[in-house]
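Trainee: In case you want the letters, here they are:
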Amino acid sequence: MGLDRLAWRTLAARPLRTILTIAGIALGVAVLSASLTMGAGLDAAIARTVRDVVGNADLRVSAFREDGLSSGTADVIAATTGVAVVAPTVERRTYLAPVLGEPLRGAVTIVGIDPLPYAQLHPVELVAGYPLARPDETSAVITESLAKSDGFTIGSQLIVQGVGSPAYLRVIGILAGPGPAAGSGGRTVLIPIATAQAVFGMRGLSRVDIGLTPGASAASVSAALGDRLTAEPYVLSSPTDIAAGLRASTADFQAMTALVAAIVLFVGSFLIINTLSMTVGERAREVGLLRAAGATQAQVVRFVLVGAAFLGSIGSLIGLVLGAALGALMAGSVRALTGFTATVEGLSPASLALAFLVGLAVTIAAAIEPAIRAARISPIEALRARLDLPAARRGRLGWLAVVFAAVAILALAVWPPSAGTVGADRALAVYGALLVATLASPYLLPPLARLAGVPISGLLRLEERLARGSLGRDRNRTALTLGALVIGLAMIVALGWTAQAARERATAWLADVVPGDELVSSIRPVAADEGVAASLAAVAGVARVSPMATFDLAIRGVRVDAAAVVGADFLRDGRLTFTAGDRSAALTALDAGGAVVLPAATAGRLGARVGDALVVALGGGATLDLRVAGIVERSIPSGGGEAILVGWPDASGPLAVSGADVFAVRFAPGAGAPARTALEAKATELALEANPLARVQGAVSDALGRVFGLFDALAIVAVLVAALGVVNTLAMGVVERVREIGVLRAIGMTRGQASRMVVVEAGVLGVAGIVLGSLAGLVVGGILLALTGGLVAGISLPWASIAIAAVIGLAGSVIAAYYPSRLASGVSIVLALKFE
Amino acid sequence: MPPILEAHDLTKRFALGAETVEALRGISLAVQPGEFVALMGPSGSGKSTLLQLLGGLDRPTTGSVVFEGRDISHLSDDEATRLRRERTGFVFQAFNLIPLLSVRENIALPFTIAGQDAGRGEAHDRIREVIALVELEGKERYRPDQLSQGEQQRVAVARALVTRPSVLLADEPTGNLDYTTGGELLDALWKSSETAAQTIVLVTHDARAAAYADRILVIGDGQITDEISLGRRADHSAAPLIARLAQIGL
Chain A
1 MGLDRLAWRT LAARPLRTIL TIAGIALGVA VLSASLTMGA GLDAAIARTV
51 RDVVGNADLR VSAFREDGLS SGTADVIAAT TGVAVVAPTV ERRTYLAPVL
101 GEPLRGAVTI VGIDPLPYAQ LHPVELVAGY PLARPDETSA VITESLAKSD
151 GFTIGSQLIV QGVGSPAYLR VIGILAGPGP AAGSGGRTVL IPIATAQAVF
201 GMRGLSRVDI GLTPGASAAS VSAALGDRLT AEPYVLSSPT DIAAGLRAST
251 ADFQAMTALV AAIVLFVGSF LIINTLSMTV GERAREVGLL RAAGATQAQV
301 VRFVLVGAAF LGSIGSLIGL VLGAALGALM AGSVRALTGF TATVEGLSPA
351 SLALAFLVGL AVTIAAAIEP AIRAARISPI EALRARLDLP AARRGRLGWL
401 AVVFAAVAIL ALAVWPPSAG TVGADRALAV YGALLVATLA SPYLLPPLAR
451 LAGVPISGLL RLEERLARGS LGRDRNRTAL TLGALVIGLA MIVALGWTAQ
501 AARERATAWL ADVVPGDELV SSIRPVAADE GVAASLAAVA GVARVSPMAT
551 FDLAIRGVRV DAAAVVGADF LRDGRLTFTA GDRSAALTAL DAGGAVVLPA
601 ATAGRLGARV GDALVVALGG GATLDLRVAG IVERSIPSGG GEAILVGWPD
651 ASGPLAVSGA DVFAVRFAPG AGAPARTALE AKATELALEA NPLARVQGAV
701 SDALGRVFGL FDALAIVAVL VAALGVVNTL AMGVVERVRE IGVLRAIGMT
751 RGQASRMVVV EAGVLGVAGI VLGSLAGLVV GGILLALTGG LVAGISLPWA
801 SIAIAAVIGL AGSVIAAYYP SRLASGVSIV LALKFE
Chain B
1001 MPPILEAHDL TKRFALGAET VEALRGISLA VQPGEFVALM GPSGSGKSTL
1051 LQLLGGLDRP TTGSVVFEGR DISHLSDDEA TRLRRERTGF VFQAFNLIPL
1101 LSVRENIALP FTIAGQDAGR GEAHDRIREV IALVELEGKE RYRPDQLSQG
1151 EQQRVAVARA LVTRPSVLLA DEPTGNLDYT TGGELLDALW KSSETAAQTI
1201 VLVTHDARAA AYADRILVIG DGQITDEISL GRRADHSAAP LIARLAQIGL
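Quick note, the sequences are listed as chains A and B, same order. Take 1 as the starting number for the first sequence in our numbering and just add one per residue. Take 1001 as the starting number for the second sequence in our numbering and just add one per residue.
Just so you know, the hints here were simulated from the structure itself, not pulled from any lab data. All clues given are correct.
Using C-beta positions, here's what the derived DEER-type ranges look like:
| no. | chain 1 | residue 1 | chain 2 | residue 2 | range |
| --- | --- | --- | --- | --- | --- |
| 1 | A | Y819 | B | E1227 | 46 to 56 Å |
| 2 | A | L16 | B | D1145 | 26 to 36 Å |
| 3 | B | T1062 | A | A325 | 50 to 60 Å |
| 4 | A | A440 | B | D1145 | 26 to 36 Å |
| 5 | A | L16 | B | G1044 | 30 to 40 Å |
| 6 | A | L16 | B | G1175 | 29 to 39 Å |
| 7 | A | A803 | B | G1044 | 56 to 66 Å |
| 8 | B | A1015 | A | L16 | 16 to 26 Å |
| 9 | A | L16 | B | P1042 | 34 to 44 Å |
All residues carry an ideal CB built from backbone N, CA and C; glycine is no exception.
Next comes chain A alone, as it looks inside the complex (with noise of 0.2 Å):
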């Protein structure tokens, strides 16, 4: 028989510990793969939209301002050398006219396209019906999915609402696909251009598309168009910028995603570690034998490796299968977090050959220092009666630290370039953090468990007695096992804090910043002279209305997010943190004009104090100078983060702001549900959407309970890793002291002492996990507050979190005792009296 069969029949001989440890494995295996699958899937689903919203256009000119682009600036951009097709494109969101006694269905997204240039540069797939022929005709394309969501065929007539009388229009033809219009949720109506601007109003573009001329460079053409275009701002993009920018929307996912696969595999070489050790020490006799019939010492390592690349074959396997489901399951709350469609199909045999390779070379990493160890017994000390190995143990946690070398390298490789170098460092950092906890853990095991042991010794006083010596006995195998419980658990606390703590700072920050208890938005700009705000003041026991809107600033020639303000709505609400300048002086100098109010981010990333001239592009040459006239810790949150603010005058004058798209309503003390009533029928009968602020608040908590949820799913999977660990060295224990545990029931200890033994030992492991893992948690949760901006004086400790992972961790400890209890209270006295 080969060394080779005799590694195999090694791992038969242990069927349990074999099978935990191959479980192990194929967790941390199939939480990379599903990572891998969904990172995949994302992008896939990003060069989707990508296709879908710019097509085969090589460029693309947005309008900065609301009002659009003039037909001059696409003459203009027709006119440059290299440019072959423009195609002008308006887009505005509205709702669609319910059918009379039909509830009113959500939004849409209008897009009005120039159908000949715009069907040269998308290409519009049908899957029913025609496209649009000409810029007038009274036509609709729809995308697929509004078709089935609304029950529209071909020849039904849509009803579009805009500024003045409704457009009438008779669905001719329905696409394919999600549509051309990112964040629509495939509920987009395509309309020709004429149509379109006439229904809202608009004279301008919302877009222009650009096809070059064959040999022309995207490069050449963008430099031609930064010369000729300076009658007003606009953003000319690529669509590999695009890409980048949807990328950079799902790199913070990404980036987490890939941290907790590395760690669920890292907790998963613990079990190497572990298990090979375990079976290295029972082994030994044997080894020893080899040894001294002749076998070199690289032919017992080869034996050790032999079985470790088995386990590490089989668990990447079964991981790859299981991390299929789990990358499935996760695609589809990656839609619910993202907005993007990710599908599996997109995972590639190079990324399926990647999660199997690093499964294996984990694996055979764990399995270097016991192999080692096992070539350097000496077939003299081997033979003895009894064989113990301290030193050799002592180098277990010293290879764990190699070991989390190897992962960490490892992980970088597989990196998901689009999840950044930032989430890299902040991983590195959560990382290393949990390694020190682990190597700390075989020092803290004593007394911890000595404190965990209390609250149990009263009850059970001989088990505690006996279960904390058991863990003392081995006190690196112990420390492996509860190091494993101490990541999973530290990282449920560290991501429930980090989880909390945006939540809070999310709710909080509406609250310190909106003046009204309800928000009440329009799809469309509410000029001030529709009345909107005055009718809905008129609703009793509204106190005050104060109308905002969102719009983009050129300063410096950089995108700055701006919202239009009454500053005097402000001042009597006592909205907003000043950190510099007067606030009511601030506040009454935005209503007056000329002034401007900055977020504390948005003050330190342009370098501006109170009483500096921020200069504002306004196109054409012209440009508007608006000062300082205070700083606010936390500003109206907009889409690129907080917003500047503008006074109600500057933005709709030169800013050329047309309306509000929010009123936000204070109510009169006491006013009560009756005025919420109220106001929420009268927004219905203005086609406006009213929402509380606490309705908010909780929308924004449960979009980040959702992101979080999945980290938390994966996270449980590293204690379920550990659980496994914990069945493992429990199990071994109870053989290791089949002996002792034969002799206490043959001085009278019952089955039910003995079972409780084994349970009270999971017990205490549970708690000093919990204590050590809630304390690890925090930390790293610290790290990533603190890489975040996140960790603030007076933040709330997680204690709910903190619960959570006492009760897994608990719960979980005492669970994996099961099995071992089980063997231990099955003890046969006789038998074990015979036990060598």
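Since the structure of chain A is already known, use the hints to place chain B on it.
Mentor: Quick look at chain B alone, frame taken from chain A:
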């Protein structure tokens, strides 16, 4: 006086692979209170199996064991556990101490297992007594690995005696000890028999150990093949016994 321990036609069969091994083949015996009985025989004769059945560690295939007038051959696991905890004491060849517990904690184990506080009252007094009996005063806080092998086995004897069991069952207790420490252990057992009228059943293949007994039952091939009555005596010289054993070919 009725016997404290009886065996009636005991048999014990084990499955060994496809074969069945008959370890005991109809053994009957009776042990009187305060008697010191040795079971002797070659390896594999069935003496350890007999001891396990007498102490309720295992059940006979057929026959019965009567302990203090009660048939213990068909007790439930809990009943057998209680019997072992309260009425019998065991000493094994391997010392079988719990390495992480101190000398005192090892001796106190039967009380601790029973949920009693070994630090006070009668349990505390009994622990002190048995520590004195096995001459381990001053070493109560030592761990087993800090003791000599003889001392470790004396701890095992003290643990077996601390509950004042009706019968002490010892399986080759001197098997792992050298001549001197083995002698010290046998002296301790004798002392408990002489001073506390402790009933002892000792399994041994060492004539010197058997020479401490009042009566010797010789086991061969699963049956009692001979009985040697030495009577109670202060002189434990093994020479006469060795001569007698030689006569029966042991």
